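Chemist: Protein chains in written order, with my numbering: chain A, 985 to 1317; chain B, 2 to 311; chain C, 493 to 770.
There may be inaccurate statements among the hints.
To be verified - Some chain B residues close to chain A (C-beta under 7 Å, calculated; not the full set):
| # | residue |
| --- | --- |
| 1 | R83 |
| 2 | L85 |
| 3 | A89 |
| 4 | D144 |
| 5 | E203 |
| 6 | A207 |
| 7 | V210 |
| 8 | A213 |
| 9 | E223 |
| 10 | P225 |
Please keep in mind that the hints were generated in silico from the structure rather than gathered at the bench. Computed from a predicted structure; not experimentally measured. By construction, the Cβ of each residue, glycine as well, lies at the ideal position given by its N, Cα and C atoms.
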Amino acid sequence: MAGVEIRHLSKRFGQLHAVDDVDLSIREGEFLVLLGPSGCGKTTLLRMIAGLERPTAGEIHIGGAPPRARGIAMVFQSYALYPHRTVSRNISFPLEALGLPRAVIEQKVRWAAEMFSIARYLDRYPRQLSGGERQRVALCRALVRDPKVFLLDEPLANLDAKLRNTARDELKRFQRQVKRTVVYVTHDQVEAMGLGDRIVVMDRGKVRQVGTPHEVYEDPVDTFVATFLGQPPMNLVELQGALLGFRPEHFLPVAHFGANEALRTFPLSVRRVEYLGSDRYVYGSVGGAGATVIAKLPATVATEIAEGSDMEFAVPERALCYFDAATGARQRR
Amino acid sequence: MLLRRRHGGTATTVKRSLADRENVLGAALLAPALAYVLLLVGVPFVLAIVLSFSTATAGSLSFGWAGFANYRAILADPIFRRALANTAIVTIGSQVLVVVLATAAAQVFRAAFHGKRTARFVLLLPWAVPVSLAAIAWTWIFDSTFSVINWTLKVGGLLHGWLYWLGDPTLALVAIIIVQAWRIFPFATVIVLAGLSSIPQEVVEAAIVDGAGFWRRLFHVELPLLLPVVAVAVLFGVVYTATDLGVVYILTGGGPANTTHVLPTLAFQRGIQGADLGQGAAIAVFLLPFLIVVAIAMLRLARHTEVGTT
Amino acid sequence: MKRVALYAAALGFMAFAGFPFYWMLITAFKQNRDLYVGAFDTRHVPWIFNDPPTLEHVRLLFGQTDFLRWIANTLIVVVAVVVVTVAVAVPAGYSLARLTGRWGERLGIGIFFTYLIPPTLLFIPFARLVALLGLQNSLGALILIYPTITIPFCTWLVMGFLRSVPWDIEEQAMIDGYSRLAVIVKVVPRLIVPGILTVVVFSFTLVLQEFVYALTFISSVDKMTVSLGVPIALVRGDVYHWGALMAAALFTSIPLAIVYNLFIDRFIQGFTLGAVKG
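Pulled out of the complex, with its shape left as it was, chain A reads as follows:
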């Protein structure tokens, strides 16, 4: 069992700092998600852990051992199954590379296949399988070597939206079962929040924040993290030289709140209301500057909202975040 120690890791491509001086301590057995927009360096970081890219600077230690004895397994976004080999021979490939005896290999393949319920596909070829089935084969192939760390590169990206939820659930259950460290790359913040024990939010090669889903969502360290997480993103309003941030779900008609709550009120000019079934999104503007804000009203809040009207909305003080207008950094008050 192993954690992963990453110290001062950098990767440069010419002038571009794909990964810029990253320090990270991944705990043994945790499900860590690397989250960020495309080009933020999360995949490059993953590939360096895998040994597919050599760092320009810095070190990676897995279970205390240097790169050579890595003991990692990786699942690629495209699954990268060997098209010319059957499923069973795809799964056995890493074991063949280890030189294990035939009988042991067969037994391990069967064990892995049963764990993901794909035993009946063992004699098929990848081209005969669906996307979800291929993904499970890729996971089997990763599992069968009993690695210290699993690396997953956006494995759900190629699945249908419907499949993604069940796949997410299966993945998390699988990880709880095998109790191995998982490093998971995604750009989808919903996935990150749903899967991660901790989330590493990255932007342009740098780590912005590391924390549990709760921490990065409720207590963001800057405006990037604040607006990247949450759908719709956090509202940012400029007020007296500072940036005020509040999440749409905390932004409700003033009448909804109790009399004793400490509130900050805003006069909202309602522009548009979207009815989405379980929620209503109210688009409008506040203050003289006319910054666009969004309120997310659950179906349980039945207040009538008319487009074009002006209403008094409020945010609980405790839910407000203050950011420096110039740097975007969080100010604690």
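Given chain A's structure and the hints, the job is docking chains B and C onto it.
Modeler: Below, chains B and C alone, put in the same frame as chain A:
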């Protein structure tokens, strides 16, 4: 017609007259090529086979039936049998060399390095050059008295006697195999390189992560995926070598003493120079088995890759 | 370390592929007394100029042989064949790629397979045909027969090329109201120019490289093409004038190689269309 197919049933009535036009247009554009191929390839092809059963000569326009006489004559002729064997030997020998050279060269040339463009230019020279000119250059290189190969081998301490390349039946055949391999391996290399670049990068990386070293990756992942491409290169190589006249004609003329004839040179000697069209045709017909095997193999390959290995 | 091995291997392959051309170069410009030294004489190094280089072989080649006439003959044949090929193969390729659907593909494959029927089989019946038409020992025979090599191959090249050119522009034109014929005449030429260029280049190289038919149908030296004349007719009695021979080979090979190199990628695209995806 195609427009209709791509947009479903929309506007079928408008396209009706256009569709007819498309078929006519297609046929009209195709007609000259089709006519040329049918008249000047199809017909002569059939004629070649017909001539093999005749007593036709090149001198006149006469034609008489000979039944299987030509075939019986050549099959009894040791020179023909030797030519048939030589064709097989040269083809197989040179193609084995080509595969080895091309896969090795492709590994080297897939990497990026300084001067790669120049390197590729030089590498392609044997393929770009007219066969006859390459052959005459090699004749000079293999010359018994002045062979620069002999000189180099002698100076390198590897040669103690002397190699009468084109004067010795076995050595001459070796020389022919070398020239054919030299001529064709650049073409095969370029094809294999194209194939290598079509192997998905992630599959190779998966193999690296799975712990496969260089050799295991090569033999268990890259080569199997390369097989269709290598097969195409080999098939073309077989056609170019088995049906080639220039290299043998210029290097040895079929000698010494008819020992290095291949089917094309013998067919030329008997049919054109000797004016016995019937016999020439019969000899050349023996190239067909080679070609049919190649054609079938190519069709199989095309179908196999259509089904897909992805 | 690996870098060194890589460069060494690359050099090795280049040496193997290229040394005959270096040898051509040296021979073409070496004085005879530097050239005709027995190879058993290990004190004399044949790979370098031991005496200063000379232009005598080149002068012989251009002054006292039919080399220039052969070049002229070759050019005549090349131009004629290229014109015929472009006129026939390009429309055919377009038709097979765009207008005829599934049976068109099959026909296309059939046409390609005729490329595999070798000259060393067809030259026998062609001897008859040429005699019938009275074209013996004439460039006309070559102009008639060379397209049987160039048309199948170039049709296939054009088909392959068109497959990588998207439909959209032509479709748009048709939706905008142009008739099919108008689309072909107005829109397609601009799209297909690179394809036509490739056809020109490959017909050019195929004609220049051809030897078998030239050998079969041309008997007098003044009608020969370069590919035929150089190896066959630069001989006086039993004596090969190696200097002049190699000069001729060199001057023909290098320009051809340069042209060829510029278009090699297209060529490969055509060849591997079936076997390599994307």
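Chemist: Hint by hint, note whether the structure agrees.
Modeler: Verification of the hints:
1. R83: violated (41 Å)
2. L85: At 36 Å from the nearest chain A Cβ, B:L85 fails the 7 Å test, so the hint is violated.
3. A89: violated (30 Å)
4. D144: Since the shortest Cβ distance to chain A is 48 Å, the answer is violated.
5. E203: holds (4 Å)
6. A207: Since chain A brings a Cβ to about 4 Å from B:A207, closer than 7 Å, the hint holds.
7. V210: Result: holds, 5 Å to nearest chain A Cβ.
8. A213: holds (5 Å)
9. E223: Where the cut-off is 7 Å and the nearest Cβ of chain A is about 10 Å from B:E223, the hint is violated.
10. P225: OK, holds: B:P225 within 7 Å of chain A, min 5 Å.
Violated hints, in rising order: 1, 2, 3, 4 and 9; the structure is consistent with all others.
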